[in-house]
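Undergrad: Two chains, two separate frames, one set of hints: put the complex together.
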Amino acid sequence: MIKTKDLCKVFRTEEMETTALNDLNIDIQNGEFVSVMGPSGSGKSTLLNVLGMLDSTSSGEYHFNGEEVSLHSEHQRADCRKRNVGFVFQSFNLIDELTVFENVELPLFYLKVPGAERRKRVDEMLDQMGIAARRNHFPQQLSGGQQQRVAVSRAVISNPKVIFADEPTGNLDSSNGKEVMELLAELNNQGTTIIMVTHSPTYAEWGHRTVHLFDGRIVAEATNGKPHA
Amino acid sequence: MFWSYVKITVRNVIRQKLYSAINILGLAIGVAACITIILYVQEELSYDRYHEKADRIYRVALSARIGGNDFNVALSAAPIAGTLLEEFPEVETTTRIGYLGGYPVIRYGDKVFSEERYTTADSTIFDVFDIPFIIGDPKTALTQPNSLVLTESTARRYFGDENPIGKLMTSDKVNERMVTGVIKDFPHNSHFHYDFLLSLATSPDSRSTNWLNNNYHTYIVLKEGASAEELEAKFPDMIRKYVGPQVEQALGVSWDQMAEDGSSYEIFLQPLTDIHLHSHLDREIEVNGNITYIYIFSIIAAFILIIACINFMNLASARSASRAREVGIRKTLGSNRGMLVRQFLIESIVLTFASVVLAVILVLLILPWFNNQVGLQLSFRYSNLPWIVLGTILVGILAGSYPAFFLSSFNPVIVLRGTMKSSGRGSRLRSSLVVFQFTISIILFTSTIMVRNQLDYVQEKNLGYAPENLLVVEKTDDIGQQIQAFKLELAEQNSVLEVTNSTCIPGEPPSGESVFGMSTPTGDQYQILAMYFTDFNFLNTYGMKMAEGRFFSKDFSMDSNTVVINQAAVEAYGVEDPVGKELIVFGGPDNQNARIPIIGIIQDFHFESLHSPIRPMVIVPYRTRIFGGPGPTFGRYTTLRIQPYDISATLASVEAIWAGFALDQAFEYTFFEDNFNALYNNEFRTQTLATMFSVLAIFVACLGLLGLASFTAEQRTKEIGIRKVLGATVPGIFTLLSRDVLNLVLISALLSLPISWYAMNNWLENFAYRIGYSLLTFIIASLVALVIAVFTVTWQVIKAATTNPITALRYE
Ligand SMILES: Nc1ncnc2c1ncn2[C@@H]1O[C@H](COP(=O)(O)OP(=O)(O)OP(=O)(O)O)[C@@H](O)[C@H]1O
Ligand SMILES: [Mg+2]
Chain A
1 MIKTKDLCKV FRTEEMETTA LNDLNIDIQN GEFVSVMGPS GSGKSTLLNV LGMLDSTSSG
61 EYHFNGEEVS LHSEHQRADC RKRNVGFVFQ SFNLIDELTV FENVELPLFY LKVPGAERRK
121 RVDEMLDQMG IAARRNHFPQ QLSGGQQQRV AVSRAVISNP KVIFADEPTG NLDSSNGKEV
181 MELLAELNNQ GTTIIMVTHS PTYAEWGHRT VHLFDGRIVA EATNGKPHA
Chain B
1 MFWSYVKITV RNVIRQKLYS AINILGLAIG VAACITIILY VQEELSYDRY HEKADRIYRV
61 ALSARIGGND FNVALSAAPI AGTLLEEFPE VETTTRIGYL GGYPVIRYGD KVFSEERYTT
121 ADSTIFDVFD IPFIIGDPKT ALTQPNSLVL TESTARRYFG DENPIGKLMT SDKVNERMVT
181 GVIKDFPHNS HFHYDFLLSL ATSPDSRSTN WLNNNYHTYI VLKEGASAEE LEAKFPDMIR
241 KYVGPQVEQA LGVSWDQMAE DGSSYEIFLQ PLTDIHLHSH LDREIEVNGN ITYIYIFSII
301 AAFILIIACI NFMNLASARS ASRAREVGIR KTLGSNRGML VRQFLIESIV LTFASVVLAV
361 ILVLLILPWF NNQVGLQLSF RYSNLPWIVL GTILVGILAG SYPAFFLSSF NPVIVLRGTM
421 KSSGRGSRLR SSLVVFQFTI SIILFTSTIM VRNQLDYVQE KNLGYAPENL LVVEKTDDIG
481 QQIQAFKLEL AEQNSVLEVT NSTCIPGEPP SGESVFGMST PTGDQYQILA MYFTDFNFLN
541 TYGMKMAEGR FFSKDFSMDS NTVVINQAAV EAYGVEDPVG KELIVFGGPD NQNARIPIIG
601 IIQDFHFESL HSPIRPMVIV PYRTRIFGGP GPTFGRYTTL RIQPYDISAT LASVEAIWAG
661 FALDQAFEYT FFEDNFNALY NNEFRTQTLA TMFSVLAIFV ACLGLLGLAS FTAEQRTKEI
721 GIRKVLGATV PGIFTLLSRD VLNLVLISAL LSLPISWYAM NNWLENFAYR IGYSLLTFII
781 ASLVALVIAV FTVTWQVIKA ATTNPITALR YE
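Chains as they are written, first to last, in the numbering used here: chain A, 1 to 229; chain B, 1 to 812.
Be careful, since some hints might not be right.
To be verified - Over 12 angstroms on every C-beta distance to chain A, these chain B residues come out as not near it, computed from the model:
1) Ile134
2) Asp555
3) Arg625
4) Gln643
5) Lys718
6) Leu726
7) Leu783
8) Thr802
9) Ile806
Said to hold, decoys possible - Some chain A residues judged to face chain B by a derived CB distance under 10 angstroms, without partners named:
10) Glu74
11) Lys82
12) Arg83
13) Glu97
14) Leu111
Derived from the structure by calculation, the hints contain no laboratory data.
Ideal placement from N, C-alpha and C gives every residue a C-beta, glycine not left out.
Just chain B, same shape as in the assembly (with noise of 0.2 angstroms):
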């Protein structure tokens, strides 16, 4: 019995070629979408999950507001995790992972490079993760001070095939490191990825009991059945006696007076799963990803299936009047409703199977050129078959069963006797899936170019400089004090315009965050400012604006103990005329707290991405008294304003001047604009994904349309054969013909209007500059949508409105 059914499936697919390509061709596609947002959610979804205490294992971040001022980092200070081994049992284990300024330059032989996944770590950071070795031992690993772990691929970069253990590498030409073992490169669903892990032994600062100075990413391992809530209950009273004194002896105010004030202090966990897509704090080790957009692909996932799903059934039960007479004459030989239900359902699932094979080839095909296109790493769960072979045959129950018990209920006298009308019922139906895969379409395309929008609009926007035409030249500290004659060198080529050194440039995390005072009528203001060191020049070369005062320039040999502050910074303290005042820097020589006069103010430009509001800024002059030392000399950055023409030639030059100073070191160059878009990788992302997949969207609708309108039109020839005899002209059948289809589509635009205009309007929160809802995008993509579909039903109608009417009406 059910061979023969698939027999009269299979034998069905060939002699309805349209109808069976549009089904199968249709689902695969949805299908294939479906498999692919899966994998990239399945992906995220398995962030640190593969470490055996994956869910016993806590970052400890902090979330403070001291004076006004909010701080959410994934750091926190050194002492932590010592004491909370100590003096809380349910804690197992703790490791802690250093937070580096700078990136070292390591040497071995006549390999040189400058590491950016470098980093300090604790011994016990093989207790906590699972990070296999290939050679050494991790219980000592890195006990010892100097000890160096690196991974399987940078050890292959620096010793090819040689030995590493026991080789001892230069750090800046000043430290010898050993190395201790080998690992394996970090899984990409790992939250952190570094190349070498120097023991954090080594560095002093670990042992210190400083409770201010947040530079470690903490880790804790609870034991079995510990609760991280109960532990963290216990952190207010851990606060109150480690923290509390040194803040008072730091700022001279009391604890309770400070809470008082509107300030807190709150250490907490977070589940080390959570990380990838829950935690957007500030110092986190990489850009993680975001839960948001999983929620939008998984939604638009299930759009995609339910749109082929809806395909699916409409087409079959369009069908249904053309299979009317059969089922009327199974019934009337015998066949019973059960029978028939099963018949159905069977050929739903087999076409469903046939579109699902046809799908996984699909993703196959297409999975190294998706993850290119979206730089992803995805391949394909083979553990995931079971679950396609189950999903399929849901869908195909799912799809088939409309048209299943909808087809087995024809009464046989009646579809024999040929007076059945064609179902309003079904039509009206068919005309509400219409409607709802082309409202998903118009919401989904209308979003689309609103993304786009707003990242046009980030790009473009007035960034306060001219983003253009700026070549970077990283790591230039390397050189020292050098970089002054460089950056003469450089500044006599006539294809550079200016030059600046600086430690900080817009895009990356400023050179720190202090807290600085400020004398205001109502008393001494505290706020916390992010830090620029800069050199004279780096004003003119990003072409940035003064607001008030001036800049610093060497016609004033005072200038190096002066500052400029930005605009929101002056808001901040909610002073008049701030040129000629004096910041206050706390932590001078013999506790004395500095003055340093500010003599202008900068217009505010976006020194972060435009996902946050510009806040306060101070910049200071290299060789500034700053904390009771000499601030910085030189910095990381060399910025290069060019001409906008021959740029492969002044690489080229550049790079030559840059030898001469730098011998061995690499040249490392980036163009300004390329760096500071990618503080939207995550965005880029997720319109060129969205972009996809709302394109596959409308297209899988055009397909069902596609096929409804032959049916349709099919149904409705002896309709339009008889309007024809009647006199009825082509022009005239038309549109009567794609009068409805044009009605569903606007029906579809009223009701996808609120829906993206709640959707955008979501998704542009996350930006403190944005753009608006537009109506004008709305009504666009909803045009375009009305095009694609009319056009979709045009050379069926036409096909339809031309035929002689009398080949229409021999069919009776």
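Chain A extracted, bound-state conformation (with noise of 0.2 angstroms):
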């Protein structure tokens, strides 16, 4: 599903250059399930935006689902990205002046689905999680856990094969971040890819493998033995 070779990724600015990631292999199957850890600053964040295709690769090779993106161009890449790719943050990033419902049915707009087909999987999504009776409120009217739920949401209704959630439980009390949690590994568990940045120990168990990252390089990986139960 995903495969790196030698993957690197730079940032100049006028002062200096920082090399986020550094020659990465990694090397991600159909169904997984991955965390990535590591200390602020060591390029998890910058790994699932190239994964993700928000940002371009400085060189190397990378593969998705069998299509080399670091060829591909902007456009090329965001087409891909819209079909294919979920995103889940850390500070939720709703659009504030839209609604619950409007926040979710977005990225099927941006799909071209058809009115009606887009108002029944809405809700039919918004019931799923649990909010269906939030459906007509604005962000700043929900509560954190509420809020991620709905970024979820919104990762899932286009129904990607991956989804990429950066410190989805940061912002996020203990009950909150195991809800979240337990969402994923549902959507994990019905055969989507995920790929979770964390800094808690406890929530990396969740995922099949650990890959712990510095200095922009995969310098431990381990398997979780126990799985979510």
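TA: Here you go:
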């Protein structure tokens, strides 16, 4: 599903050059749940952005579902991303001006799904996530846990093959955090590939394996003996 | 404390370059436009106020209706000044300025000039008006006949450094006048500018007791505390006493009978200081200004200032989100609301001050160019400075108050938790302000285009003759009877197609206006006809057309005792077959009314500006016996229809021929079209000013929009980022962001439609011949505003739409 070879990502600013990813090789199978850990600044978010095709590679190869993404133009990347990938962020990144319903609807809108079908799918999704009662609320009117649930709903509404989650539990208390983890695990059970950055070793253990990053390299990999309950 | 706020302001200015530039520059341009307009308005309002007795001086004017004709003239009869002084104790002084038809040629030594700003005046003119003397005694300068007072620049023109006092100047080679005084040139804010004042005592007519000939501009000074209205109330009796009997004698109809037939005769007073802006009578001394334009420009000035202030407020409030943190932190650290309000107000005043300093510099730099463009002589009035400073503080407070009170009201907890919604209230206010700005801009824009169209229409309207390629040689009456030979020689030139000589040309006041009668089935009808005296070739040269009958021709020996009238005259008399009828002319020999046959009806042509409808007129050929004596045999204007090419060669040969006849006389010519267009000088100036200021208004509005767009885009970076992560395309985002602007401009257009419709129809009323309100023009103006607005936001939006979404989301 995901395979990189000597993947590099270099940021150049006027003063300095930062190698955020350094000859990184990773191989992720369809249906896997991979946790990514590492100290701050080690390149976790960068890795997710590159793998999620939000950002370009600097050098090396990146195969996504058989396509060589590093050769893609920005436009092609955006197209591939739209069809295959969903994102969940630490800070939810919901649009304040839109209601819960409208936020979740957006990806379908951009996929040009007809209106009636959109409504049906969003309503089903909100039902499933247990936030149907909140469909006409604005993000500020929701708790952090509820907001993240909306964000997850939005990430999966388009049935993506892969979900990238960057510290999805970072802004949540433990009970809300656990709920989100359960959501992700459930999705993974249904066959969605999940790649998640986390600072919490406990949550990391929910994954099939954990990848440790340091200075843009994978320094350790561990298969989690006892995956999620 | 104050200085620390100033320091923060300066630091903010430097950090937020685009924002500061838009803010300071926008306001500076607005203020500069505003100051310029105020200078113009002040100049117009200052007319004639410099006279010490300005508030007690009145001009005597006449408004009458006789035989269905209206007279509204700035003139009065010779005896009225004396009568007012003798019979009404509230009158302190009076003076008269003569209204002269012609322009004399003045000679001194080898200097010869034809003088247009030459008049006669009572010696009391110096008692009424403040006219400072350089040499001579105002008390005696004009008391003796043939005394002449010159202005300083005129004296220099004739005498150089020589002392002119006591020197003799000849007028028209016949009369000798002695220079008795030199006065300062009249300031430009005077409603008259003469170069020569000849003592009125020179003219026998000044002692006339005829109340029916109105040939003088009469000015009176009222005693302190006297009321002009009370004085005016006594005029009807005076009129009955003096005018009544003379009218009865001339027309043979009793005064009361005339009043019953709908005639009226009113003498009224015009305050001196109202003349320039409010008086639009016939026979004004110079073309006056117009109070309407003063209102219009004051409104435009206010609008531009408001637009600039709105920018200021809008940008500040748009920035409130990014300043919310600062407010939150300051509040947590113990600042109270009042201190914050003060901080933001000081910030605003400092910025305003910078703008105003820039504005004053702009005005000083631009004024010479501006004066040149619109034909004015404005200068910066330093006496305005205190007002400008006061205005600055006011504008600063006004523009800063909304952001000051809005920003300082933020709740620190909400702000710092980061959950403050980018205020819907604020953005709605911003939208309405933008709508307001664009409404004004579209109105100004539509009006500007329509003013231009109307003026084009005026110039292109079929005038009833062909105004192109007409060369007018002026003052040809100076060579007297030699005009015949002059014309013959001109006619021989290949470049000259037709030549005519006349006492008057279209665009100049007619050579006279007089009452003529005609017998109709319902009795004798009397009408006032404007008079032209011409030779036989007038019709051909101007390319006018006959409606009936024929024009004068040398094939008919009787033609020097016939007339041609225009269609308007036929209509006024209400007769069926005018050709062959006779005009009745009053005051023949032995008081016998003369009768002159009408041989033709000329098609109506515009002999006055299109402000006024075409009036009844009569064309009298030279040598016709009229008013009991021979009429004129030559006139001031010789008009040539010339070939459209090689104009300079034509001019050279015409000048050479002229020199052969006129010897030392100057060759003065105009192209007819230029001369005629001068009738619309006021409108042309308005057009130039309106164009400039509406372009400025739109520019300043767009500047604000640009700033606003960049902040909207900045504010919505997060949203844009999310949308892109979720698959939005660049064009999609572009549509999303520009749709708002589009809506605002459309609302503005809808609002400006009725307002511009009303305003334009009002203005067009000024013209007797006019275009209608054009919807197309309105649509074009709106589209232009739309395009400019969309264009303005485009690059900001594109910048926002094309940034990498991660960069946007990283700001979280
Ligand atoms: N747009 C950018 N421009 C320049 N440098 C960048 C940019 N994005 C990331 N970096 C640098 O790349 C390195 C990796 O950053 P990254 O955001 O991937 O770290 P991280 O592991 O996600 O850290 P954290 O746990 O704090 O989120 C850092 O040194 C960062 O400064
Ligand atoms: Mg990170």
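Undergrad: None of the hints should be skipped; say for each whether it holds.
TA: Verification of the hints:
Distance check on Ile134/B: its Cβ is at least 72 angstroms (rounded) from any Cβ of chain A, clearing the 12 angstroms threshold; non-interface status holds. With a cut of 12 angstroms on Cβ distances, Asp555/B stays outside the contact zone with chain A, its closest approach being about 89 angstroms. Separation of Arg625/B from chain A is adequate, the least Cβ-Cβ distance of about 91 angstroms exceeding the 12 angstroms criterion. Every Cβ of chain A is farther than 12 angstroms from the Cβ of Gln643/B; the closest lies at roughly 67 angstroms, confirming the non-interface assignment.
Here Lys718/B does not stay apart from chain A, with its beta-carbon only about 7 angstroms from theirs, under the 12 angstroms limit. Non-interface status of Leu726/B relative to chain A is broken: a Cβ of that chain comes within 12 angstroms, the nearest being about 5 angstroms off. No Cβ of chain A comes within 12 angstroms of the Cβ of Leu783/B; the nearest lies about 30 angstroms off, and the non-interface call holds. Non-interface call for Thr802/B relative to chain A: violated, since the shortest CB-CB distance, roughly 10 angstroms, does not exceed 12 angstroms.
Look at Ile806/B: its CB is around 5 angstroms from the nearest CB on chain A, not clear of 12 angstroms, so calling it non-interface is violated. With 10 angstroms as the threshold, the beta carbon of Glu74/A comes within range of chain B, its nearest partner Cβ sitting at about 9 angstroms, so the hint holds. Contact between Lys82/A and chain B, as hinted, is supported at the beta carbon level, the nearest pair being about 4 angstroms apart and thus within 10 angstroms. Hint on Arg83/A holds. Least Cβ distance to chain B is approximately 9 angstroms, under the 10 angstroms limit.
At a threshold of 10 angstroms, the smallest CB-CB gap from Glu97/A to chain B is about 7 angstroms, leaving the interface hint in force. For Leu111/A, the shortest C-beta to C-beta distance to chain B is roughly 7 angstroms, which falls under 10 angstroms, so the interface hint holds.
In summary, the numbered hints that this structure violates are 5, 6, 8, 9.
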